[in-house]
Amino acid sequence: MSQPQQPLGVRFENIEKRYGSIVGLRGVSLAIASGECVALVGHNGSGKTTLLRVAATLIRPSSGKLAFSSYGNASSEIRRRLSMVAHATMLYEEFTAAENLQLTGQLYGVENSSRRIGELLEHAGLAARRGSLVRTFSRGMRQRLAIARALLTEPSLLLLDEPGTGLDVQGAAWLTDTLRQLRDAGCTILMSLHGRSELAPIATRALRLEAGAVAADSAVAGTVRGVLNSVVP
Amino acid sequence: MSTVRAAAILAAKELRAELRTRELLATTIVFVLVVVVLFSFTFDPTSAESRRFGPGLLWLAFLFAGSLMLQPCFVKEQQNDTISALRLAPIEPFFIFLGKLAANVFFMFLAELLLLPIFAILSNVPVLGVLWQLLLVFLLGSVGIAGLGTALSAISAHARMRELLLPLLLLPALAPVLIASTEATAGLLAETPEFRQQWLGFLVAFDVVFLTATWLFGEYLLEE
Amino acid sequence: MKRQTLAALVVLLMGAAGYAALFVAPTERTMGLIQRIFYLHMPSAITAFVAFFIVFVANLLYVFRRERRWDWLGVSAAEVGTAFVTVVLVTGPIWAKPVWGIWWTWDARLTSTFVLWLLYISYLLLRTLIEDPERRALASAVFGVFAFLDVPLVYMSIRWWRTQHPQPVLLGGPGSGLQPTMKLVLLLSFIALVSLMILLVRERYRLETLRAEVDVLRREVETP
Chain A
1 MSQPQQPLGV RFENIEKRYG SIVGLRGVSL AIASGECVAL VGHNGSGKTT
51 LLRVAATLIR PSSGKLAFSS YGNASSEIRR RLSMVAHATM LYEEFTAAEN
101 LQLTGQLYGV ENSSRRIGEL LEHAGLAARR GSLVRTFSRG MRQRLAIARA
151 LLTEPSLLLL DEPGTGLDVQ GAAWLTDTLR QLRDAGCTIL MSLHGRSELA
201 PIATRALRLE AGAVAADSAV AGTVRGVLNS VVP
Chain B
1 MSTVRAAAIL AAKELRAELR TRELLATTIV FVLVVVVLFS FTFDPTSAES
51 RRFGPGLLWL AFLFAGSLML QPCFVKEQQN DTISALRLAP IEPFFIFLGK
101 LAANVFFMFL AELLLLPIFA ILSNVPVLGV LWQLLLVFLL GSVGIAGLGT
151 ALSAISAHAR MRELLLPLLL LPALAPVLIA STEATAGLLA ETPEFRQQWL
201 GFLVAFDVVF LTATWLFGEY LLEE
Chain C
1 MKRQTLAALV VLLMGAAGYA ALFVAPTERT MGLIQRIFYL HMPSAITAFV
51 AFFIVFVANL LYVFRRERRW DWLGVSAAEV GTAFVTVVLV TGPIWAKPVW
101 GIWWTWDARL TSTFVLWLLY ISYLLLRTLI EDPERRALAS AVFGVFAFLD
151 VPLVYMSIRW WRTQHPQPVL LGGPGSGLQP TMKLVLLLSF IALVSLMILL
201 VRERYRLETL RAEVDVLRRE VETP
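Chains as they are written, first to last, in our numbering: chain A, 1 to 233; chain B, 1 to 224; chain C, 1 to 224.
Chain A on its own, in the form it takes in the complex (with noise of 0.2 Å):
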């Protein structure tokens, strides 16, 4: 795996968002620091898909400040340095798994693309079925394409929304996996998981969102291992 280009964090200020009269977010200021490996954990509907979303300014506050480390607002310089898995795969099914890929490449700019392409996919137990349409793929791989995308642009911030959805036990250490390594070179990440999924002992914060507010953050109190417990059933 390579390095992150640079690093980068990302802050939010008082960041609300409404749909209509019901609140996805309501003052939400947290900063998550540059390296950091954060775990958001909360019930379905606490804001978790809102938080990250808006932190990949795919969603806009209703109200409220988003600010990365290096620049004021979002560009397109900073989207060329962050990635998302999100709920849906965003692949194209009428093409293959590289060609997929190669729009990724192409669209950021990546260098070495071919190669990095057959590195990723290979590392992503998807070298055989390189050339077949993502139509034909089972939810597992398209998983796993969905995150080999996501990896492609060397990101320096990554956000992740259950991100083990679909995968099987392979496919999850492989991600826990590449995730730690991620981790270890730099990469800020941000990922909404569910307290017990394997990914949990690689966060050096957890964060719990109730109501679409920040319940309990272990930087502030408490430990990882504490607020990740913290989700009443």
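Accuracy of the hints is not assured; some may be wrong.
Claimed, not checked - One side of the interface only, derived from the structure: several residues of chain B facing chain C at Cβ under 10 Å:
| # | residue |
| --- | --- |
| 1 | 76 |
| 2 | 179 |
| 3 | 183 |
| 4 | 202 |
| 5 | 206 |
Source of the hints: derived by calculation from the structure; they are not laboratory data. Since the model is a prediction, treat every value here as computed from it, not as a measurement. Don't be surprised by glycine CBs; every beta carbon is placed ideally from N, CA and C.
Using the hints provided, position chains B and C relative to the given structure of chain A.
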């Protein structure tokens, strides 16, 4: 990376996708063909009548076909949420539109190109003498239709009844393109062909206005 | 200004304008009594334009400020503007029939007005087809901006087209021999109609704010 290059990459992606599925082009061509043929035997126009009504019919057919063809443009990016991948990429939203616009203009122009000889034969109107000028009008008109249509298809993609909605939004708004293109085409197909420059200038102005609007409002058109 | 005061003022102005149009203005030489509908027709058109300009400004303000009230103002002014355009489209034929013997003609102004009407009907229809309030507001705001940019292009293209293919011009050309008294009555009508527009927009806006309140209350009741 040059952002125009990003648009070229996206246009290539659109073309490659169409090559795989081949849905869009075939249906567009057949649609225009059906309209032209139906007109021909409903009205059984003489050569003179074809000169008079043909251009309007042709552009009406292009307009309808275009608004049907443009409708899936952003809807298909909802599958697997690929539109978010495009929005995440380090390119300005305008170049996403530009890439799709280029591909859409290409498809429309191709369809028009294939239909021109058929129209000429069915209506007994000579076109070879003014071929290049006609193709220029086709190109500018297509940029008008696809320019506004690509932008509005991003809006209609989020609405109900979007198959009907896009034509509903687009057709009145394209009235200027219909008029300008028809007039320019009619001039070229007349007994003594004339090159009505002011209409071409108008088409260029129309294209510039809406490309600028897309540039200014592109990110809002794509907002989640 | 308080609601009741404005309403009273509007009633007064409309009454005065109506009286002036029917009894004070001199009878037109060639067309007789029916020409008086001009005092409703022309100012309605201008009032509609004022309303649509308000829509445009409200749309821009919404896109850049995202405050709900601009969305409310936009839809209110759009509905009222469309109503005034409908008045124009209805009074046109009412005048045309006794004077020209035809209900409709595609003269430049009438055609442009019809396309304008279609554009804003599309705007209103778009709003009914998107449920999420924020998405609806943004989508219609951007479409509204595009529609407004289209309006001069519509008028220009239709005017050029009509100079090439002249048709009977309904309702006389601009300022075609208006006596001073006529001009005064016209001005009075205009003031009356604009104040009516303001009243209607305010009431419609108020309705929209009440709707929003009801929505909030309903959600509070529904969620446990």
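So, going through the hints one by one against the coordinates:
no.: 1; hint: 76; in the structure: 19 Å, violated
no.: 2; hint: 179; in the structure: 5 Å, holds
no.: 3; hint: 183; in the structure: 6 Å, holds
no.: 4; hint: 202; in the structure: 6 Å, holds
no.: 5; hint: 206; in the structure: 6 Å, holds
Checked against the numbered hints given earlier, the structure breaks only hint 1 and satisfies all the rest.
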